[in-house]
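Participant: Single-letter residue listing:
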Amino acid sequence: MHAIVIPATRGKQSVTPSATGTVWIKKFLDSRLRGNDKKRVSDNMPKTAAPKSLKGKTSLKKEQQLELYRWMVLNRAFDDKISLLYRRGLVIGAAFSSLGQEATSCASTYALNKDDIIGPMIRNSGSMLVKGMAPRDFLANYMFRVNSPTGGRDGNTHMGDLRLGMIAPVSMLGCTIALCSGFVLAARMRGEKRVALTWIGEGSTSTGEFHEDVNFAAVMKAPMVVIIENNQYAYSTPTSKQCLAERFADKAIGYGIKNAPTIDGNDALEVYETTKKAVDAARRGDGTQIIEAITFRRKGHAEHDPAKYVPKELVEYWEKNDPITRFENYLLDAGYANESWIEKLKAQCRQEVEDAEVWVNAQPQPDPATVAQGVYADQPHPAHENDDFLYKQKFH
Amino acid sequence: MAAITYIQAISDGLREEMQRDDSVFCLGQDIGVYGGAFGVTKDLITQFGEERVWDTPLSETAIIGNAIGAALYGMRPVAEMQFADFVACGFNQIVSNAAKIHYRWGPKVPMVVRLPWGGGVSGGPFHSGCMEAWFFNVPGLKLVCPSTPTDAKGLIKAAIRDDNPVLYFEHKHLYRLPKVKEEVPEGDYVTPIGTARIAREGKHATIITYGIMVHYSVEAAETLAKEGVEVEVIDLRSLRPFDKEAVLASVRKTSRAMLVTEATITGSITGEFAALISDAAFEHLDAPIKRVGALDTPIPYAPPLEQAMLPDVKKIETALRELLAY
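Protein chains in written order, with my numbering: chain A, 1 to 396; chain B, 1001 to 1326.
If we strip away everything but chain B, and leave its shape as in the complex, we get (with noise of 0.2 Å):
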């Protein structure tokens, strides 16, 4: 089997979910027939039609509120957000509506929301941010994240099956990126919701982790390895609910803890994990729990501001030194 893109992985698992259920429908600008900004949903519309591929208006939150409304008669709904950014005009309809249905009045609001998400590609400040945090906060909602072909699709046909709103985070930047390409297994599979997976394996140090951070932390770790020093990488996959036995387990087995976000540091979700391993975990430790995030601006345009906000490879590194000396 050949290797594809995480991009591909997406569509495949896509497709063979509205193949299996003709529940799953997908919404979305631009998705029908130019197939999506980034191309996601490419061909879709002549397989499904547009009965099933709703080339819609520009409005996130009609089409956030419509999905949510299909939901509730019984259907899949999979919404696309052209960029993540823009769930910002779709934000009430996931967080008034979808997130407390359930928990109100009963029915169950079947569907996902697409959220191509990430810098790294002089998007600008409209076009690159990390918004996890802001649905991180709400209960109701589930988060996902994959940063591989394999969980990209697995994540996609859980978050498809699952019987809440699922918001599907994808990075655009490791959409066609070469060195994540991978064979995914074959036939039918899922990546449960709420289960971390070790990137890689360590001993001396633990970085938990999510998003494109992943590959970035593993390339850090590996320089290390050369040096003797093994890091463990845990990607968590899902944010909401995230796997928090995975998350101990390994800061029990190492006793130092790094968390690592794209998104900008204050208010980022590393503060929960930290919190959760000071909790459960301080007699572990042998070195308070390190952070590493974007700066606290807007993210820039230019590549040289780009790079100088967000986390890289390099400061991972320079962060994992200065928690492995202590």
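This is chain A alone, in the form it adopts within the complex (with noise of 0.2 Å):
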């Protein structure tokens, strides 16, 4: 974890709890119309104000509050900078931006021990830096370097670093839900604790793979966390033409996971205490949780979708219930930060992503003499040939 400065606090010292995401989360769900194509335009439109900071009801400390909000603001700064390179032609194929989804992927990651395990998905680039992936690595990975965790053999977000205890996803969605539990199901053989989190689009659950791969994994007791991250779109898709069932959490009660909350997606604390709930409740050996978090997707599916079919409104009004400014708010309110301490903040993530493109833009891309190097074990990955730990197995 980075180290952080922590600023000067001012005014009050607590904050107290309001129930405003909590009936906010309550109000957005009786709006959810469903089934009816008509009305498909104002098929997410909260009918209720955006929340304007977070319940602010969390054990994390201070410190620690500050620091997770300071991966949401660098999360933020990476995906702004792979738009930027996706414009400028320097990341070809897809950029997927997870604006406004940052605290689902951070809040969440937050909640994990070190050796615990991530299944990210492509809208998760949050949860890869949490979990230890290097800003330079990662941007490696999107402008195809030797030095990356693929090697220039897949783009985007499809990277993964057992060290760090991260699955690579696939485009193939549902499918990285096994991976997880299987990999969790082995280590609990060796007699480890290990938890894995991984997420699903609200799409995503349509897939056969979901639901079979939930309900080995509940069946089995798999020590795994499922989020739902309910952003609302998949690709162009709305939820009413996705799914009939009032939330999308009551898919687990058909595999026997019960209390699988509904949660708002856009309050980090929210994110984080529930998914700390439930990954205490797995490594206790409660077996696989679901939590539904409501989130949006305020980009297209990927940076070449200008995303007409989502109305207007909706984006405006997911935009003033914005994960990072929400934050802010709290953490101003809360005393725990000032003006200009966000600013150094935001200053510094930018940066951050700065150095790691000039340093990436220094690599070089793979070498055409490698391409069938690697398909079978019997050789290493050009990018990995001198890994003892990935050659050696030194994992486990």
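Among the hints, erroneous ones may be present.
Label-pair ranges, simulated between beta-carbon atoms [to be verified]:
1. 1042/B / 286/A: 48 to 54 Å
2. 1307/B / 254/A: 41 to 47 Å
3. 1057/B / 245/A: 18 to 24 Å
4. 84/A / 1282/B: 45 to 51 Å
Examples of chain A residues toward chain B, derived with CB under 10 Å [claimed, not checked]:
5. 47
6. 146
7. 150
8. 158
9. 365
Residues of chain B placed beyond 12 Å of chain A at every Cβ, according to the derived structure [said to hold, decoys possible]:
10. 1121
11. 1265
12. 1300
Note that these hints are calculated values from the structure, not bench results. All residues carry an ideal CB built from backbone N, CA and C; glycine is no exception.
With the hints as a guide, dock the two chains, each given alone in a separate frame, to form the complex.
Facilitator: The following block contains the structure:
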């Protein structure tokens, strides 16, 4: 974890928890219209004003809250950079933004132990950063450099690192759930109490893979937490065309997973607390847990997609419900941070990403002569030739 | 040492590997308490406990996906598909995840998927198929297909010890077939992946084949031997990687080549071998390369239909005579 300078506090020292988030999520769910195509444009238009701050009920110390906030700011700085590089043609293929979804990735991952594992999806770049992936390695993957987790063999967020407990995503949605449960079930055979955290979009819960893998994990009591990250659009498909259940978390009961909550996914502290509780339960032996986090994808599916199918007023609403701004308001109200500290932190994070880009630009692209190397494990992957960790299997 | 069946050889190999290495474990439907639909894993749960013999829910994709996850951890899982046909329900995890992980980001995926495969048992369209060609086209996978008890044991061990995902095709018609029973070598041994075996030596023509067709081909060759024609039969044993040198050496010796597969012929793996021979041994050939396989239909249930669809000794013999007469 990065060292963080704590600002001098001012104003009141404690935060009175308000019911804002809880009330909001109830109203949000009430406002969901389902199965009526004519009303599709207002599909998920909440009828209540966006919350300005956080509930603020947390076990995290002030320093931890500031650290978590920093991860979210770094996550956004990183995503901003990716968007920019994509527009300049320096990131090619697909670039996926997590704009507005930083809390669901960063705050949930913050609830893990070092040896726990994550199975991120494309919009969980924040989880990878929190788990220890350096921005420069991450960026190097996007920019297909030899010194990157895949060495140019796969793009965007499709990378993993077992040292950091990170399983690489694939484009076939749902598949990562089984890899995560298999990993922690194997760890359990060795007497280790490791927990897996993975995410799935609300759209991907329509796959057989989701159903089969969650059911399997539940039966095997795999110590795993699955966050259904409901960002309300799967590419261009709104939730009403995805599933008629009132809540996506309702799917849990069919697997015998009880008390699956639906939470305000833009309230970082609520995401943290809910995930922590689920992670602790999984570690205790209570089996697989499900959480639905309501958030919103504020950009298109990928950078190429202007997302004209999303009503403007809906995007505007969610701009007001920004997880970073809300966290800031909370920190300011609590007197945990002041505006100059926030500005300084944002500048630091932007600089960190700038530095990463400078490093990446100095790295070579992969040598075409290596294209066939390491299709099988009989030869090392060109980017990991001297990697004792991978090739001597020291990871357990 | 007593002769053992093909199925016994697989069971013995599995048990010995589980004894040798505690990272080896099995998972699949009905494989524990029940002992597996065919009994391959019979009594393993008694010996190794449910920790290492997982009776799983009915989901091929979850079984394979969890095996991949366990392999990433460093275990050596052996997943059973109840029938090879059902791997269609787990296809994605094999081709999208298992096959590509090492190439993409470096970790090894040491896992085995066992696939009871093949027809001749009136299993019908969903319990008799040959799907090796689906996977033959996928870099990152290894495919093995023993035809004898010796290789059944040697290859299950080699597959388990391999650091890559290996699809182990076990022919269910061979499981308890008395005539393939044989004594297997004593002690610990492996059949190296990627090595073929000469099932029958000959000099007038070469049959390149695998699985149960090895036995049918040898039988057809024996018939012709009574007429003074000696046909060589190559048992591939491994399809990916396959033993190019053994194939080419035999064809260069005999100058006539025939591929025999139990699978539907169009798009079967035989085309790849025909291309190899044509590329690398064309000047040695005295006749066009011949292929024998199943008709291009789903595999039917009724014995007269199934027999009409699948290759058999007689069909192989007829094709051989054509090849030799050219």
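Participant: Could you run down the list of hints and mark each one as holding or not?
Facilitator: A quick look at each hint next to the structure:
1. 1042/B / 286/A: 48 to 54 Å: 34 Å, violated
2. 1307/B / 254/A: 41 to 47 Å: Distance hint for residue 1307/B, residue 254/A holds at roughly 45 Å.
3. 1057/B / 245/A: 18 to 24 Å: 22 Å, holds
4. 84/A / 1282/B: 45 to 51 Å: Taking Cβ atoms as reference, residue 84/A and residue 1282/B lie about 56 Å apart, which means the hint is violated.
5. 47: Since the shortest Cβ distance to chain B is 40 Å, the answer is violated.
6. 146: 13 Å, violated
7. 150: Constraint on residue 150/A satisfied, holds at 5 Å.
8. 158: At 7 Å from the nearest chain B Cβ, residue 158/A passes the 10 Å test, so the hint holds.
9. 365: Hint violated; residue 365/A Cβ to chain B Cβ min 17 Å, cut 10 Å.
10. 1121: 28 Å, holds
11. 1265: For residue 1265/B, whose nearest Cβ neighbour in chain A is about 28 Å away, the distance exceeds 12 Å, so it holds.
12. 1300: Its Cβ never comes within 12 Å of chain A, the nearest being 28 Å, so this holds.
In this structure, the earlier hints numbered 1, 4, 5, 6, 9 are contradicted, and the remaining ones agree with it.
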